[in-house]
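Heads up: the sequence shown begins at 1 in the UniProt record's numbering, then just goes up one per residue.
These are calculated hints, taken from the structure and not from any lab test.
A hint or two may mislead.
[To be verified] Capping the alpha-carbon separation at 30 Å, the derived lysine-lysine pairs in DSS-like fashion look like this:
(1) K110 x K57
(2) K57 x K223
(3) K138 x K223
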Amino acid sequence: MVEKDEKEKQEDEKSGFLETVKDFIHDIGEKIEEVVAFGKPTADVAAVHISSINLNKADIVVDLVIKNPNPVPIPLIDINYLIESDGRKLISGLIPDAGTIHSHGEETVKVPVTLVYTDIKNTYHDIHSGNILPYRVKVDLIFDVPILGRLTLPLEKTGEIPIPYKPDVNVEKIQLEKFSMEETVAILHMKLENKNDFDLHLHALDYEVWLGDVSIGSAELPKSATIEKGGMNYIDIPITFRPKDFGSAIWDMIRGRGAGYTLKGNIDVNTPFGVMKLPISKVGGTTRITKKKKDGGDDDHDEVLQLFS
Numbered sequence: 001m002v003e004k005d006e007k008e009k010q011e012d013e014k015s016g017f018l019e020t021v022k023d024f025i026h027d028i029g030e031k032i033e034e035v036v037a038f039g040k041p042t043a044d045v046a047a048v049h050i051s052s053i054n055l056n057k058a059d060i061v062v063d064l065v066i067k068n069p070n071p072v073p074i075p076l077i078d079i080n081y082l083i084e085s086d087g088r089k090l091i092s093g094l095i096p097d098a099g100t101i102h103s104h105g106e107e108t109v110k111v112p113v114t115l116v117y118t119d120i121k122n123t124y125h126d127i128h129s130g131n132i133l134p135y136r137v138k139v140d141l142i143f144d145v146p147i148l149g150r151l152t153l154p155l156e157k158t159g160e161i162p163i164p165y166k167p168d169v170n171v172e173k174i175q176l177e178k179f180s181m182e183e184t185v186a187i188l189h190m191k192l193e194n195k196n197d198f199d200l201h202l203h204a205l206d207y208e209v210w211l212g213d214v215s216i217g218s219a220e221l222p223k224s225a226t227i228e229k230g231g232m233n234y235i236d237i238p239i240t241f242r243p244k245d246f247g248s249a250i251w252d253m254i255r256g257r258g259a260g261y262t263l264k265g266n267i268d269v270n271t272p273f274g275v276m277k278l279p280i281s282k283v284g285g286t287t288r289i290t291k292k293k294k295d296g297g298d299d300d301h302d303e304v305l306q307l308f309s
């Protein structure tokens, strides 16, 4: 009886051992399946943004969406990038140790790039301010995937980017609506010329006007305007000042001797490529006060004062 119990005990232990071995083999099998299931990551250029732009440079951000189908994180070793136009390199670079893509995850990786316009125009003399450049962004993503080893994933995206040209500004005339030493109201009749290959939608303007060396005031744009590509537009800008505060410059104009004027400021424009703040400036020659009859006027009472440059 004792021998029988001992035999059953041995058989139970053997059975338990076999079950343990089977479980171990099953676990190994699952691990092998996981290894066999390792796949290549996928990626796409989701967007190319112009985050800021001015007359000197454009800051660009390339958004890369990367998916990792694997059960473990994978390192993104390097990002090589190149921006070219018509086969000509505008800029290239390398971002090392670009991060890790989580297991079974999706990450958006941002690649910042700055295009300096002086570098481009000095390299390619047929590229000028006001041009629109077609571009191609090329990106190589280099991964280190377990089992599969090092992989390179190439991506591309095309688009257009401008090289802005600041508007030419000219003060056609300054018309005095009201004139007294205590308060003078004037209208600046300005001509803006757009030498860019794209429209400028003017929605804000701030400026300051000097007569001689004296600032006589500043103001803002009363209403929006559009300057079509290669075209021009006329806008009227009001300004109010007190002549008695400005010394000899205003007296020289009243006496017909004239005084130089300067206009400086910035315009905010909407473009197909985003919002830009562009500087404007104009240094005028001699500005004097003359008299001109109102349209249809017959006597001296119909005369108004105007400034011409």
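Output the numbers, in ascending order, of every earlier hint that fails for this structure.
Hint 3 is the one this structure does not satisfy, whereas the remaining hints hold.
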